[in-house]
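A.B. asks: Let the sequences and hints guide you as you build the complete structure.
Sequence order for the protein chains is S and F.
Under the numbering used here, the first residue of the first sequence carries the number 1, and numbering increases by one thereafter.
Under the numbering used here, the first residue of the second sequence carries the number 1, and numbering increases by one thereafter.
Treat the hints with caution; some may be incorrect.
Here are the computed lysine-lysine pairs in the DSBU-like style, where the Cα-Cα straight-line distance is at most 35 Å [to be verified]:
#	chain 1	residue 1	chain 2	residue 2
1	S	Lys286	F	Lys174
2	F	Lys365	F	Lys286
3	F	Lys43	S	Lys43
4	F	Lys323	S	Lys174
5	F	Lys10	S	Lys323
6	F	Lys174	F	Lys10
7	S	Lys10	S	Lys168
8	F	Lys365	S	Lys323
9	F	Lys43	S	Lys323
10	F	Lys286	S	Lys43
11	F	Lys365	F	Lys10
12	S	Lys155	S	Lys174
13	F	Lys323	S	Lys107
Don't read these hints as lab results, they were simulated from the structure.
Being a predicted model, the structure only gives us computed values, none of them experimental.
Protein chains: 2
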Amino acid sequence: MTRQVAFHLKATDGAAPTGELVLPRGVIRTPAFMPIGTAGSVKAMFLDQVRALGTDVILGNTYHLMLRPGAERVAALGGLHEFIRWPHPILTDSGGFQVMSLSALRKLDDDGVTFQSHIDGATHRLTPERSLEIQALLDSDIRMQLDECIALPAKREDIERAMRLSLKWAERSKAAFGSPEGRALFGIVQGGDDAQLRVLSAEALGDIGFDGYALGGLAVGEPQATMLRVLDVTTPALPVDRPRYLMGVGTPDDILESVRRGIDMFDCVLPTRGGRHGVAYTRMGKINLRNARHAEDSRPLDEAADWPPACDYSRAYLHHLVKAGETLAGMLLTWNNLAYYQHLMAGVRAAIADGRFDDFVAEVKEGWAGGDLPVL
Amino acid sequence: MTRQVAFHLKATDGAAPTGELVLPRGVIRTPAFMPIGTAGSVKAMFLDQVRALGTDVILGNTYHLMLRPGAERVAALGGLHEFIRWPHPILTDSGGFQVMSLSALRKLDDDGVTFQSHIDGATHRLTPERSLEIQALLDSDIRMQLDECIALPAKREDIERAMRLSLKWAERSKAAFGSPEGRALFGIVQGGDDAQLRVLSAEALGDIGFDGYALGGLAVGEPQATMLRVLDVTTPALPVDRPRYLMGVGTPDDILESVRRGIDMFDCVLPTRGGRHGVAYTRMGKINLRNARHAEDSRPLDEAADWPPACDYSRAYLHHLVKAGETLAGMLLTWNNLAYYQHLMAGVRAAIADGRFDDFVAEVKEGWAGGDLPVL
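C.D. replies: What follows is the structure, encoded as structure tokens:
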């Protein structure tokens with residue numbers, strides 16, 4: 001099932017892996033962080049900026065794109081890569097998660113889910129087959145099976161029902177995917193915070209056979225410890241020769257701890273959404289530029305960083321832009337945050353290759369624990 | 001009154017002038033268009049992008065900056081250029097226009113104007129002396145006298161009263177300005193649509209003596225023909241060796257017709273505000289990307305343009321970004337619009353230098369008259 005899709009594990013340090021997922025449109029260096037390109041745009045960023053930060057792959061949301069501009073329209077315009085001017089790999093989700101979190105009047109049955117658009121109230125239907133059809137119209141490089149993701153905490157019987165439905169949809173998704181040259185399909189492990197159900201789901205997906213395996217239904221409200229415990233039991237049950245993708249995760253700390261447990265791929269809204277709300281991720285931890293302590297601070301966010309939003313502008317200016325609601329605030333802070341995340345991932349990859357992952361993690365955490373610069 | 005501020009008229013074609021206003025922080029090639037940097041940001045643009053488009057000078061708004069972050073704070077942070085990371089010339093207005101258009105409960109007297117901030121309702125006072133003090137704290141390169149600008153149509157007696165008050169404030173502004181090395185002060189001609197009052201104002205300002213002369217109180221609701229008639233009578237009454245700045249103007253057509261009448265400098269929100277509302281200025285006229293005709297149009301805005309937002313992205317994508325409310329829509333369209341404006345100004349300057357200004361204007365207007373591409 002490689003069809004020009006190959007995953008090369010290059011080194012491990014403990015359970016922490018580094019490698020390359022090779023696709024016709026480009027190589028994804030893992031562990032990889034995928035910025036969110038919801039509706040055909042990584043919000044407040046030019047895509048050439050995103051690329052320049054060392055981004056190998058971005059994520060597109062099937063739910064948003066199917067509603068607007070519509071998958072058939074994107075296909076008629078040459079596919080998502082051509083439409084948004086990003087010739088590198090794109091992963092699309094299945095749409096299921098946003099249907100459950102964003103749409104109105106959703107109704108799930110064994111065959112799929114019917115819902116109303118949050119944009120215009122129009123009724124739409126998503127099935128495993130339609131989700132894969134949409135992803136094929138978008139022509140994404142990595143496609144995801146449709147699954148049912150439920151919030152935690154939840155009752156075991158509800159978790160199991162959703163997990164078993166997701167397995168059925170995994171089989172239908174694989175059949176609908178077919179075997180397109182150079183494209184990958186990932187299955188999604190469900191099972192909530194139940195170790196037995198997670199292992200059952202992982203093994204069953206491995207039996208079906210996918211190009212990669214995602215862990216869904218995490219970072220949905222549970223404590224970090226719960227998430228990490230699920231990783232501890234699940235990753236050993238997954239095939240060793242395929243990438244593992246932890247969906248919707250997470251904070252920089254979540255990422256380090258998940259890499260430590262064998263995860264290869266991540267996506268999260270935190271750096272982009274945070275950037276639009278005055279939050280900067282830095283070597284010294286998360287900084288809220290809205291805070292009045294920055295109003296007269298002429299120092300840069302982090303003079304040791306080599307990206308302009310962190311080293312060229314004063315905190316006072318960033319604070320002013322945030323308070324004034326200037327678009328440039330989101331542009332600069334999103335840029336900083338994605339730069340920080342990609343810089344962190346590059347550090348993770350190098351540390352694993354050099355067999356010093358634990359030391360690297362300790363150093364990074366020490367920086368966070370030290371906190372922000374003292375008030376002037 | 002040059003103090004390292006010199007204006008070199010290099011050529012004229014009819015009444016259309018081209019030259020250079022030389023300031024310590026840089027040379028302003030005229031006719032010049034000044035993008036609006038209201039509150040320390042040219043909205044939705046990185047300032048290095050603004051610079052790369054051939055921008056020699058941007059405008060900062062005294063009203064906005066005095067309220068937030070405050071002139072004293074900007075001064076403590078090293079001045080406006082350092083604060084916003086723009087080392088090139090900045091013109092600041094006097095604050096008067098925005099006080100009258102944006103603030104609540106404003107009360108004008110002969111000494112100045114008292115008003116409430118539109119941000120927090122706090123009471124502030126602006127006098128000619130305080131306006132010049134604020135502009136000195138910001139350390140702008142070109143400063144404007146405080147004036148009273150009234151909307152048209154207006155009664156002659158109201159126009160005359162505002163014009164005479166503006167003249168008194170011109171004298172006080174000049175005294176308050178002092179003679180700072182390498183900084184320029186512009187007087188502002190008022191007089192509404194009354195030819196006699198305009199000439200009287202222009203001549204009286206010339207007698208006081210300024211580094212440049214602005215025409216205020218135009219583009220405030222009157223027809224273009226009225227504005228051009230005022231220019232026809234006013235510019236001959238101004239000193240020939242100083243730049244003339246038409247405040248708040250305008251459309252590309254307004255600019256061409258005003259240059260034809262001897263204007264050297266312009267500022268306007270149209271390209272930036274339009275860019276945030278789905279409007280693109282092009283060789284083929286103004287295009288509304290919100291219009292459904294663009295939804296499936298894979299052609300770029302203008303394949304002959306050499307700036308990315310006009311030649312690299314499809315109209316369908318721009319339409320999608322506008323409809324989806326994506327920040328990138330404003331980023332791309334503002335970039336396009338400022339690129340178009342600066343490209344137009346460069347063409348104006350070259351045409352005047354070559355003695356073919358009329359032909360240039362005719363060609364540009366022919367492009368606009370031809371209209372947008374035919375619908376696919």
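A.B. asks: If a hint holds in the structure, say so; if it doesn't, say that too.
C.D. replies: Each hint tested on the structure:
A hinted pair counts as satisfied when its Cα atoms are at most 35 Å apart, and Lys286/S with Lys174/F does not qualify at roughly 48 Å. Between the alpha carbons of Lys365/F and Lys286/F the distance comes to roughly 12 Å, so the proposed pair stays at or under 35 Å and holds. The straight-line distance between the Cα atoms of Lys43/F and Lys43/S is roughly 16 Å, inside the 35 Å bound, and the hint therefore holds. At most 35 Å may separate the alpha-carbon atoms for a hinted pair to count; Lys323/F and Lys174/S meet this at roughly 34 Å.
Restraint check for Lys10/F and Lys323/S: not satisfied, since their Cα atoms lie roughly 44 Å apart, outside the 35 Å limit. Restraint check for Lys174/F and Lys10/F: satisfied, since their Cα atoms lie roughly 28 Å apart, inside the 35 Å limit. Taking the CA atoms of Lys10/S and Lys168/S, the gap is near 33 Å; set against the 35 Å cutoff, the hint holds. Pair hint Lys365/F plus Lys323/S does not hold up; C-alpha atoms about 42 Å apart against a cutoff of 35 Å.
Restraint check for Lys43/F and Lys323/S: satisfied, since their Cα atoms lie roughly 14 Å apart, inside the 35 Å limit. Taking the CA atoms of Lys286/F and Lys43/S, the gap is about 26 Å. The hint holds against a cut of 35 Å. For the hint pairing Lys365/F with Lys10/F, the CA-to-CA distance comes to about 25 Å; that is within 35 Å, so the pair holds. As the CA atoms of Lys155/S and Lys174/S are separated by approximately 29 Å, the hinted pair is consistent with the 35 Å bound.
At most 35 Å may separate the alpha-carbon atoms for a hinted pair to count; Lys323/F and Lys107/S meet this at roughly 27 Å.
Going through the hint list in order, the structure does not satisfy hints 1, 5, 8.
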